[in-house]
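**Student:** Sequence:
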Amino acid sequence: MELGEVLLSIGEAELLAPVSDLFGARVSQLVDTTSTPLSWIGMRPSERALSRWQGSALVAGVKRSWSLILKIQRRVPESDDPDRWDYWRREFLAYESGLLDHLPGVTAPGCHGAVERGEDALLWLDDVPEATPGTWRTERYVRAAHDLGVFNGAFLAGRPVPQRSWLTRTYLRSWTTWLPWSELARSEATWSLPIVARAFPRPPGDRLTRLHRDTPKLLERLEHLRQTFSHLDCWRANLIGQRLPDGTERTVLIDWSFTGAAPAGQDLAILVAGSHVWLDADPAELTVLSDGALAAYISGMREIGWRGDERDVRFGYAASSALYGAPLVPWWLPRLADPARREWLEAKCRRPAEEVAAGWALLLEHLLKLADEAEQLLPA
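Be aware that the sequence shown starts at 1, since it is given in our numbering, and climbs by one per residue.
Read the hints as simulated data drawn from the structure, not as lab findings.
All C-beta atoms, glycine included, are put in the ideal place defined by N, C-alpha and C.
Any given hint might turn out to be false.
[Stated by the list, open to error] Simulated restraints, written as ranges between beta carbons of each label pair:
id, residue 1, residue 2, range
1, GLU223, GLU303, 22 to 32 Å
2, GLY308, THR33, 49 to 59 Å
3, ASP127, GLU373, 36 to 46 Å
4, GLU116, GLY24, 16 to 26 Å
5, GLY305, THR138, 20 to 30 Å
Sequences and hints are given; from them, build the entire structure.
**Tutor:** Right, dumping it as structure tokens:
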């Protein structure tokens with residue numbers, strides 16, 4: 001059965017349980033139920049389906065409106081191993097186990113049903129509205145960094161780090177070996193496209209090659225540091241700034257597919273570098289955002305009770321930023337020569353290809369400077 005057919009097969013009987021859980025009371029009847037497919041650029045429709053379900057429900061004789069997000073993940077045979085960074089059941093298990101309930105600093109959408117149907121894993125989640133749709137200002141990223149600091153810091157200040165066989169343990173090591181970035185960095189073809197050559201008048205192939213050479217010792221140090229519970233995919237597309245009834249905002253993290261253990265600073269690296277890879281954040285403010293986010297992240301860790309060495313956090317941030325973001329640039333640059341890929345990238349980044357290449361040039365220079373900083377922070 002195709003995923004579209006799975007959606008069509010969902011009837012009132014199956015909806016009653018998650019809607020009742022949403023209200024915390026028995027729902028006697030659903031009225032005017034509708035579903036709307038949702039999508040994002042990069043989603044594989046054969047593996048995932050996302051939809052919004054809305055309607056009214058009779059609760060104790062009162063008609064009340066409701067809205068839920070249904071996320072369906074289909075089994076991916078090549079991702080069956082829980083040790084893989086992209087294990088297909090990880091997010092489902094994270095919700096089903098209750099690990100995402102009552103998180104410090106941040107929150108995950110409430111789950112109102114985790115159901116397996118054959119080779120499909122279904123999650124019924126809160127429909128959380130974004131207080132600031134579209135582009136976040138630098139100040140909002142800095143606030144998110146603070147909240148991530150509270151989240152990561154809590155598990156380094158006494159809160160037990162979750163232990164489950166399906167949580168990721170060496171996410172960044174898997175990531176850096178998944179992409180053949182060293183060969184691409186050395187290839188003249190990577191830097192020869194005219195719009196790339198204009199953005200990179202001095203191709204940084206040698207600096208990327210040096211980073212690739214240093215990757216094993218950077219990873220070894222990252223994995224030697226104390227590990228904390230982490231999201232590991234917390235760039236802008238997976239963040240929601242939710243406005244609460246009292247007017248304050250909180251940071252909601254969605255898509256917990258990569259969650260697991262990592263050193264302090266790695267979630268922050270993914271927030272900053274990931275949000276700039278796809279140009280969700282303004283490239284011109286990268287340095288300001290990076291410095292402000294790191295300071296806010298450490299402040300959040302301190303607030304929750306962490307009393308560790310800031311140099312470890314700075315190393316975790318610098319090394320993770322370089323290893324997470326730098327491989328992506330030589331990976332994507334040659335794809336600007338493919339008209340279909342170029343169109344896809346322009347749609348995803350919401351900018352013309354020339355601006356994408358220019359933004360990546362600023363990002364890569366920043367990441368390579370962080371790689372140098374990480375090298376300096378390594379123990380003698």
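**Student:** Run every hint past the structure and note whether it holds.
**Tutor:** Here is what the structure says about each hint:
no. : hint                        : verdict
1   : GLU223 / GLU303: 22 to 32 Å : 27 Å, holds
2   : GLY308 / THR33: 49 to 59 Å  : 50 Å, holds
3   : ASP127 / GLU373: 36 to 46 Å : 41 Å, holds
4   : GLU116 / GLY24: 16 to 26 Å  : 24 Å, holds
5   : GLY305 / THR138: 20 to 30 Å : 27 Å, holds
In terms of the numbered hints stated before, the structure departs from none.
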